[in-house]
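Asker: Hints are included, so try docking the two chains, each in its own frame, into the full complex.
Residue numbers (the working numbering), protein chains in the order written: chain A, 163 to 435; chain B, 157 to 324.
The set of hints was computed from the structure by calculation and includes no laboratory data.
Model, not experiment: these values are computed from the prediction.
In this text, a Cβ means the ideal position worked out from N, Cα and C, and glycines have one as well.
Mixed in with the good hints, there may be bad ones.
Here are the simulated distance ranges between beta carbons [said to hold, decoys possible]:
id	chain 1	residue 1	chain 2	residue 2	range
1	B	Gly165	A	Lys172	25 to 33 Å
2	B	Arg298	A	Glu227	31 to 39 Å
3	A	Tyr173	B	Pro250	22 to 30 Å
To be clear about the criterion: a stretch of chain B counts as covered by chain A if any three or more of its residues have a C-beta under 8 Å from a C-beta of chain A, and this derived list gives those stretches [said to hold, decoys possible]:
id	stretch
4	211-221
5	227-241
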Amino acid sequence: MRNLLNFLLKYNNLIVFLLLEGIALYLLTTDNNYHNSRMVKSIQGLTRGMEERISNVRSFMSLREINSQLASENSLLRNSLELLKNREDNRFVSVTDSVLGEQYRFTSARVINNSVNNQKNFFTIDKGSRKGISVDMAVTNGRDVAGVIVGCSENFSVAISLLNLDFRLSARIKSNGYFGSLSWDGRNYRYAILSEIPQHITINEGDTIETTGFSSVFPEGIPIGTIRNLKKSGSDFYNIKVELFTDFKKIHYVHVIGNLKRSEQLKLENQFR
Amino acid sequence: MINSIIRYGVIIVILVLLQVLVLNYVQFSGFVNPYVYIMIVLLLPYTIPAWLLLIISFLAGLTIDLFSGTPGMHASATLLAGFSRPYILKIIAPRDGYESGSDLSMASYGARWFLVYTATVVLIHHTALFYLEVFRFTDFFRTLLRVILSSAFTTGFVLLIEYYRKGR
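Chain B extracted, bound-state conformation (with noise of 0.2 Å):
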C-alpha cells in the first residue's frame, strides 16, 4: 500500500516536470502542443475509489495550470478526463476483465488495449481542453484540427514512454 503511494507519487512528480520544464516549450508551429502529463490519469490503479481519482486528476490539472497561467483550463479538462476514464474502462474491458492486482499497462493487457484505452482518454482530453481555450465556436473546424493533431502526438508520445516502461 505504502509502496504503491511512493511509486504513483513519484510517477506524477516526474510527469508534472516533464510537463512543466521540458515539454510545454515543444512547440511545433502553435498547431501541435503534447501535453503527457494525461498519463498521471491513465496509469492510476483499476482499484482506485473513483472520488480519490476525480481529486487527484482535479489537483494535477491545477498544478500545469500555474505554471502555464492558465487558472481552471487545464483542471477542468483533466478532470473530465478522470470521470469519464471509469467508463471508457468499461467500455473496453478485456474479455476476462480486469485483475485488481495489476497495472493499467502496456505489460498488463497489450499494446491494441492500450493504444485504445490512452486515445479514447486523450481525445476527451484535448477536445475539453483546446475548446475552453479559444472559448468560442468561430473557427471551429480549425480547433478540431488541433484538437486531433496533438492527439496523435500526444497519443504517440505516451505509447513511447508505456514502452520503455515496459522493459522495466
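Chain A on its own, in the form it takes in the complex (with noise of 0.2 Å):
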C-alpha cells in the first residue's frame, strides 16, 4: 500500500497529464460528429450567444456589400419570374399546384459563425428544427454551392463546410455534361480540387462547374466555380483546380434548400441495393 502511495506521489503530475490527456483526446475522437456529443451541445449554448453577437457586429460592417449582392439577386429573379408569366399566358388553364410540380424548399438564414483557417471547416446558421431545416439538406450562398446541413438543434443548425476534408459532392462541367468528384485538398479556400474527368475529352480554363442532382442533396444545377487550371497526371484523369464563386471569408446570408422529394428517391433507389 505504501509503496503504492509512494508511487503515485512520484508521479502525480503523470498521471494527471495522462488522465486529462485521455479526456481530450476521447473528445477529439468522438467529434466527426460533434455536435451529437452531448457534452458539447449542453455548453454550446453559452459560446452561441456571444458568437451571434460578435456575427451581428461583422454583418453590419458588410452590409453595402450584401446590399449589392441582394439587388443583384433581385434582378435575376424578377428576370425568371418574367420568364415564368409569359410562359404560363401561354397556357390554357394555370393550376395553382403546389404538390404535385414542387420538388425544393428555399428558405433563408444568417450565418452566426464561420472558419476558413481550419482543415476541416463548419459554420453555423441562425435557424435550426423549429423552421423545419433538417440534416442533409443544401446550403447555397446566393446561387452558390456553399455546404451541407449535419446537425439541427431547435433554433441552429451547422453546417459542413464545402472547405472540409470530408465534403464530396458530385459535380459536372456545364459544357459539356461531364461529371466527376469535387472536394477541398485544404490548401487555399478559394480552390477546389474535381477529380474523375478523364482525359479523352477536351476541356478549357474558364469553363463553369455546377452540382449534378444526383446526390439528391443539391438540386441540378447550381454553380460551384470556374476551372482555373488543369494538369494530365499520370493515371486517365484529369487534375482540375476549380475557383470557387463562393468566398467563404464574406458569407453572411444563406439560402437553405429542402428536397421535399429526398425521402421518396431514397425509399425507392434502397430497394435495390
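Answerer: Structure representation (C-alpha cells):
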C-alpha cells in the first residue's frame, strides 16, 4: 500500500497529464459528429449567444456589399419571374399546384459562426429544426454552393462547409455534362479539386462547374466555380483546379434548400441495393 | 498570493478573449494561424505546482475549443505544452537558476532566453495541434510547413506582446 502511495506521489503529474489527455483525445475522436456529443451540446448554449453578438457586428460592417449582392440577385429573380409569367399566359388554364410540381423549398438564414482556416471547417446558421431545417439539406450562398447541413438543434444548425476535407460533391462540367467528384484539398480557401474527369475529353480553363442532381441533396445546376488550372496527371484522369464562386470569408446570408422528394427517392433507390 | 491570482486571472481572460474575438478571424491564406493564447502556459509563474499548471492549460485549451467548435483539439495540444514546460525550463535554465519570486518574462531573464523558451513551447503546441487537426499523415510535409509558418508567426506575436508588457 505504501509503495503504491509512493508511486502515485512520484508520478502524480504524469498521471494527471495522462488522465486529462485521455479526456481530450476522447472528445477529439468523437468529434466526427461533434454536435451530437452531449457534453458539448450542453455547453454550446453559452458560447452561441456570444457568437451571435460577434456576427451581428461583423454583418453590420459588410452591409453595403450584401446590399449589392441582394440587388443583383433580385434582378435575376425578377427576370426569371418575367419568363415564367409569359409561359403561364400561353397556357389555356393555369392551375395553382403546390404538391405535384414542387420539389425544392428554399429558406434563407444568417451565418453566425464560420471558419476557413481549419482543415475541417463548419459553419453555423441561425435557424434550426423549429424552422423546418433538417439534416442533409443543401446550403447555398446566393446561387452558389456553400455546404450541407449536418446537425440541427432547435434554433441553430451546423453545416459542413465545402472547405472540409471530408466534403464530397458530385459535380459536372456545364458545357459537356461530364461529371466527377469535387473535394477540397485543404490548401487555399478559394480553390477546390475536381477529379475523375477522363482525359479523352477536351475542357478549357474558364469552363463552369455545376452540381449534378445525383446526390439528391443539391438541385441540379447549382453553380460551383470555374476551371482555373488543369493538369494531366499520370493516371487517366485530369487534375482540375476549380476557383469557387463562393468566397467563404464573406458569407453572411445563405439559402437552405430542402428536397421535398428526397425520402421518396432514397426509399426507391434502397430497394435495389 | 491573492494579488498574483487576480493578476494571472486577468492575463488568462485577456488572452482567451484576444484569441477568440480577434485572432481566430485572422486568416492568412489558410496556412498561418496565430494561436497566441499559448502565452497562458508560458507566463504562469515558475513556482506553480505541475498539476495545477496541467489543469489550467487543459481548461484554457478547452475554452478555446468551445469557441472554435473543435472539442479536445486545443485542449490536448495545450495540455501537452503544459506538461513539457517544466522539462523545457530545466533544459534551458540560466546559469544561476530561476529566482522563485520572479516572473518568467523577458524582463527577468533576457530576450534571448525568452525567445528560445517561447519558440520551443510554441513548436510543441503547434505540432500537436496541426497534426491532430488533420488526423492523418498524408500530406505530411504540407502540415509540417503549416506548423513551422504558424509557429514562427505565433512566436513573433508573443514576443511583440511581451516586449510591450516589459515597458510597464
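Asker: If a hint holds in the structure, say so; if it does not, say that too.
Answerer: Verification of the supplied hints:
{"no.": "1", "hint": "Gly165/B to Lys172/A: 25 to 33 Å", "in the structure": "holds, 31 Å"}
{"no.": "2", "hint": "Arg298/B to Glu227/A: 31 to 39 Å", "in the structure": "holds, 32 Å"}
{"no.": "3", "hint": "Tyr173/A to Pro250/B: 22 to 30 Å", "in the structure": "holds, 28 Å"}
{"no.": "4", "hint": "211-221", "in the structure": "holds (count 5)"}
{"no.": "5", "hint": "227-241", "in the structure": "holds (count 8)"}
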